[in-house]
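Take the sequence shown: its letter number 152 is residue 157 in the numbering used here, and every next letter is one higher.
Simulated from the structure, these hints should not be mistaken for laboratory data. Everything numeric in this text was worked out from a predicted model, so none of it was measured. Only true hints are included.
Straight-line Cα separation of at most 25 Å, DSS-like style, residue types lysine-lysine; simulated pairs:
id, residue 1, residue 2
1, K270, K15
2, K243, K260
3, K270, K260
4, K15, K29
5, K258, K15
6, K223, K258
7, K29, K270
8, K223, K29
9, K243, K258
10, K258, K270
Listed next, with one range per pair, are the computed distances between beta-carbon atoms:
id, residue 1, residue 2, range
11, W307, S34, 19 to 27 Å
12, D23, S108, 25 to 33 Å
13, S225, Q176, 27 to 35 Å
14, E18, M359, 17 to 25 Å
15, G368, Q172, 55 to 63 Å
16, T65, A97, 38 to 46 Å
17, Q172, W307, 33 to 41 Å
18, R91, Q248, 40 to 48 Å
19, D23, A373, 35 to 43 Å
Think of the CB as a built atom: it goes at the ideal place given N, C-alpha and C, for glycine as much as any other residue.
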Amino acid sequence: MLIMSSDVRKGLEGVVVDETAIAKTDIHSLTYRGYPVQELAQHCSFEEVAYLIWNGDLPTTEQLEEFTQEEIEQREISEQLISVIRSFPHTAHPMDTLRTAVSHLGMEALDVMDNSPTANRNKAVRLLAQIPTIAAADYRYRQGLERIPPSAELSFSANFFNMCFGQIPSQEVLDCFEVAFILYAEHGFNSSTFTARIVASTLSDMYSAVTAAIGSLKGSLHGGANAGVMRMLLEIGKPELAQSWVDSALAAKRKIMGFGHRVYKRGDPRVPIMHAAHNEMARSSGDHQWLDIQEIVTRTMWERRRMYPNIDYEAGPTYYLMGFDIAIFGPLFVMSRMVGLTAHFTEQMAFNRMIRPISSYVGPTQRALTDRTKSRALNVL
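Sequences and hints are given; from them, build the entire structure.
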């Protein structure tokens, strides 16, 4: 069917392209396999939520123990990949190094082109387990430090902190970290997930799909948004400067990072839980300046633009208060969203039809080559 330009939905806004049983997003809620994300973040571990998203139901105690052990056993990466990560230029964007390392994982995998359900599940666990190892190694090498190997004795979150900092924070910090990871784990047909599904639809492999998704997540309007929020807060600097900064930014028509959402027209349902985690980090660190700045920015954006903050608005300063540099915010997003990306890859494979939209052409009408051009072409022949 021919689509006229008047029917084009820029950005595919409002276009339903397929069905999914993984997550549901609408204007005021988000559920994973039917469970409200707020309840999952308050009562479940990240490992439990990962199991839920991949398998459809929360695990029993025995299933969780088996799944956790499987992830632990896959954490270490090859010496060759460690050498590759060490060779990355420290000026490279962390999302570029992560993307390249994931591509390397695909070259090492013997089952790379096996898209059976069992093989894809094994690859998903491998990616979930090894991407934190990659991100932490790159994080330390950039600081001139030696990497810390993964531990078989620590939980997913505690292990990552240990690989980055050589120590494990308080349980309160780990809990806030897990809340963020659960809230970011899955989000329907967002840009990076749709990218992964497009790659899957061609019958490519999971590593290629994840590599492409990381490229999408790198963008400032997607996975880079929480880093953009923190840069904005650092630029403002102090609560007493917040009002004048926002006034100037709005007058200059600058984008205020962390506000608005394509789906959530009545506010992002993840924000209250993420805000509580931010509050907890501010309390435990004794640093309330970002909350104080945000209170002024939030109020002004509502009064002037009637816009709600989204999850990135709270996640940026929360990660910062945990001790993470802004540079690693993108890889943190990848680590958490790996659950959703691989679930969607598997779902696409199970009910596949190659994704191939059409465009509405707006260029010149058909025209003929000039006689001079034809003549020259004949002379060449």
